[in-house]
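Read off the chains here:
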Amino acid sequence: MTVKTRESKFERIISYFGKAMAYLVMSVFALMTAYPILWLIMNSFKPTPEYRVNRIGLPRTWTLVNYVGAWKIGEFSKLIGNSFLYTIGASIGIILVATLAGFAFAKIKSKATAPIYGSFVIGILLSIQSLMVPIFLEVSQLDRIINDLLRLIGIIGQQNINIFYNSRLGVLLIYIGAGLPIAVYLCTEYIRGIPDSLIEAARLDGAGYFETFRRVILPMAVPIAMTVTILNITKIWNEFALINILVSKTELKSMPLGIYRFSGTMASDYGKQFAALVIGMAPMLIFYIIFRKQITKGVFAGAVKG
Amino acid sequence: MNRRPWKVVEERRAYWSMISPAIILYIFVFAFPIIISIVISLSNYAGGKMFGGQSWRITGFQQYVKLAGDPYFWLAMKNNIYIVLISVFGQLPLGLIFAYLIYRRIVKFGEFWQGILYMPAIISVIVIGIMWNIIFSPYGLIADVVNKSYAAGFSRQVEQIFAEAGGFQITDQVVKQLIAVSDPSALEIFAEPIEELKALLLAYSPDQFAVVKQDLVNLLARKWSAAFLAKRDVAMLPILFVVLWMWTGMYLILFLANMQKIDTGIVEAARIDGASEGQIIWRIMLPMLSGVVVNAAILCIAGSLNSFDLVFAMTGGGPARVTQLLSIYMYDRAFMGAPDYPLANAIALAIVIFSLVLIMLTKIVERRYGGRE
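So the protein sequences, as listed, match chains A and B. Each residue of the first sequence is one higher than the one before, starting from 1 at the first, in this note's numbering. Each residue of the second sequence is one higher than the one before, starting from 1 at the first, in this note's numbering.
Chain B on its own, in the form it takes in the complex:
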């Protein structure tokens, strides 16, 4: 080998001038903000000019102490962990199974399935969040489908009650039966359900049965409501569902692309030797894909910490903060009401540390159980 043809000085100058734009921007967007968040989280800075304004100083770790005893912080942390879990144990296995079905040609038209399942990933998360918010709302798709089935069931029950009574007869017996099948919360409009409903029904003429039935359905049939979503333990479910819904296609594509690099001969041979599809996934595909699976898990964890916009658009962290994430909590502390920058920056740093810990855990798991790439 000859000596390197370029002069050392020229080489060094070229090197630094080529990487300096990248370094400056990296410092601007990543390194310096991290330093800011460390400094501010340890201070009593209360907004305004950082230099030449109201004076502020380093006051120590009390923000972190405050966070450790803050139930909202731990609730947000729990919600973040839920998202990480659904991502790693929902998206990855589903993506892997779908990829396998296409790879083994158990289902045909692979391109078609891929094309559809990846679609949510390229749509704005804001659009997705608002869309699902509507779908889950009392005026949305789910409410409509469920209400229609409730109404159909209720009108069948009404018909049956009147059929047993032998026509449009308003007796106490009939009214009691009607009340028994009605939605209890709908009956709250009556002070004396039996008397009042009977009076109401007597106002119709006997040939108006279809009208009566329709009115009863409108008035008394059960209606779907998403009120249960205000409860602490289930409020996250729609969000977790949407997270799964959005990103599974991405892992399908990722796994499929890597499976297609595996020699099909190996799988065919195993099949001839009598291995079941399940055994092939578990014993052959997973070990061969272990490197990819770990990378996907890391990607998944890093991605699941970027769920700010989805929750922001879907629930805004509500109702009563039960769907709050760490990033939403941080945003609220900094931008809603009186800003609490030290606390917000402490949360920022907590998220950074949380993500690094999770990624290190994944690496450790890989080292212990991982096969070859």
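So that you can see chain A by itself, here it is in the shape it has in the complex:
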């Protein structure tokens, strides 16, 4: 009897020790995650001369001068509008195209579904960054061909017009296309779960396919549309690799391209560099604080099946 209690006491010590270890590991990792970000935010409020002597502590003088400077150098007032346009435009585009296709794949029987839907699913795994060179060739060559044709039939003179390369339309189309595979997959699987009887009922009311889509499918698909859109907003706002090769004019660039200007070359003006980085992450951090639950759900949804 006594032996048994001693054993369980020993076990309890072990389990307390394990618990302490677990908390320790968790805290170390959480601290490693949060501290660099806090460090960055803190330093963005220090004047650069103060950073040279006080790299770790809280600012002794709080200043916004870095933000004013960084905003000007990064030309962020030109970029932030584009970021909103690309993010909102492409998110809406993706969800419209994906729910429409999802409805067709899920609810209309066709032999074409298996190969076409299958290639969308494969697209989830393709690394879009590996295609940036051919995509660049495609958009720039298409523009040349279209310009030549237009010139041939006399619509434009010597000047060139940008349709896909160096144009907002081009960026939006590429972003929508790049977001489609996962969105089509999630929407199709979701719409499959909507009861056929609802669609039959709409049909008995005399509704055509597109009206059924508008009246029945779209309202029912709001939850998945929210999940997909929230997933896309964070992805598109932060996207860098593609837009980097799609536009070269400042007035078409997005925020990440502006922030990239602050890599390396700014090495002597830390204050502005820190402020630029905070400007870069603040919108998504705020978005995260507001929509954390939904973002988490999106991560989960995006990975349920391979």
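Keep in mind that a hint or two might mislead.
Stretches of chain B that chain A covers, calculated by requiring three or more beta carbons in the stretch to come under 8 Å of a beta carbon on chain A [claimed, not checked]:
(1) 154-168
(2) 241-252
(3) 301-308
Restraint-style ranges between C-beta atoms, simulated for each label pair [unchecked claim]:
(4) L149(A) to I35(B): 19 to 27 Å
(5) K66(B) to K293(A): 44 to 52 Å
(6) S248(A) to A203(B): 34 to 42 Å
(7) L149(A) to V234(B): 53 to 61 Å
(8) I289(A) to G265(B): 45 to 53 Å
(9) V211(B) to I289(A): 31 to 39 Å
(10) R57(B) to L85(A): 38 to 46 Å
(11) A151(B) to F17(A): 35 to 43 Å
Since the hints were derived computationally from the structure, they do not count as laboratory data. We put the CB at the ideal spot given by N, CA and C, even for glycine.
Use these hints to put chain B onto chain A, whose structure you have.
Below, chain B alone, put in the same frame as chain A:
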């Protein structure tokens, strides 16, 4: 069952008009670029107008032959493999363990940990890359912490040396001891370290000990530098660390969400039967989560091939190309200096094939060892 209520023609027309926007965009962004990369990689296209410009033709597989013998290609491939490995064998196990700790309520406040650990994943990779570049730089966080500890250690040694000498006495013995504890590279400023340092120290008056100590620390204490990162074998380490740092939270969330679907009764029963937490993870959780683990691994591999922006912002592939990835190499070939489109497209195709091979491997592993979903 009744006959399908819609007419066949109407049905077919609706089907195709509904999926055509998606198909056209998919072709525009995925299918057609892949075809372009196949054609251009087999050609001698040198830029300019593809149609109606300088003529070019299909010349065969020599780009691939060139790649096979290109040491930079294989270095980039090796770095890509490192990222895949740290992703699959770093992020996944850590994510799984953290998820388990929260799931079993071994640590409380699960929401809090999740909220913090996922945070890096929603921040722009460009911001993350530049931020860590600063942190690892000689003017960053790590250098500051390390230098402070070096300086504190050095100033203790200086105090000790003078205490043994019995006060502020400048003898050859003291100078030699000072030199012994100094950073060798800092001593390079002296041609004759002993003579010159002695002369320097004699210039101070004996009551200025605190000033002397501070000056010695500034001059001779070891300083942290990230110069070791220029070496081929370690240059990838900071990048691998950041990769791990960024995405572990995502797998924590993924695994936790799936664990929460498992009946807690099973785990409780195993616990009562005397199974340890380790055994529960290995014998119960992993088999039940095997489908999820495989999907996570596939996701992980696909994601790790999208590390272009992180490396681009953090090191740009440097120093001396040692942190180059396949995608960075491709970018350099196409957009830096004289464009070499055939080679760049061959690399593009190599990445696509590489990712498909890895994903197939994962599927095979799943089929051999995988349990039920």
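- Message: Looking only at beta-carbon atoms, does the pair I289(A), G265(B) fall within the given range of 45 to 53 Å?
- Response: With a Cβ separation near 36 Å, I289(A) and G265(B) fall outside 45 to 53 Å, so the hint is violated.
- State, for the Cβ atoms of L149(A) and V234(B), whether the hinted interval 53 to 61 Å holds or is violated. holds (54 Å)
- Task: Can you let me know if the beta-carbon spacing of A151(B) and F17(A) is within 35 to 43 Å?
- Result: Holds, since A151(B) and F17(A) (Cβ atoms, about 36 Å apart) stay within the stated range.
- Query: Measuring from beta carbon to beta carbon, are V211(B) and I289(A) in 31 to 39 Å?
  - Reply: Given range 31 to 39 Å: violated, Cβ gap about 49 Å.
- Query: Would you say the segment 241-252 of chain B counts as covered by chain A, given the rule of at least 3 residues with C-beta under 8 Å?
  - Reply: holds (count 4)
- Message: If I claimed the Cβ atoms of L149(A) and I35(B) lie 19 to 27 Å apart, would that claim hold in this structure?
- Response: holds (21 Å)
- Do the beta carbons of R57(B) and L85(A) sit within 38 to 46 Å of each other? holds (41 Å)
- Item | chain A over the segment 301-308 of chain B, status - at least 3 residues with CB closer than 8 Å | Answer holds; 4 residues pass the 8 Å Cβ test.
- Task: Determine whether the Cβ-Cβ distance between S248(A) and A203(B) falls within the hinted range of 34 to 42 Å.
- Result: At 59 Å between Cβs, range violated.
- Message: Under 8 Å between beta-carbons, do enough residues of the segment 154-168 of chain B, three at least, approach chain A for the coverage claim to hold?
- Response: Violated, because only 0 residues of the segment 154-168 of chain B bring their Cβ atoms closer than 8 Å to Cβ atoms of chain A.
- Is the hinted range of 44 to 52 Å satisfied by the C-beta distance from K66(B) to K293(A)? holds (51 Å)
The earlier numbered hints that this structure contradicts are 1, 6, 8 and 9.
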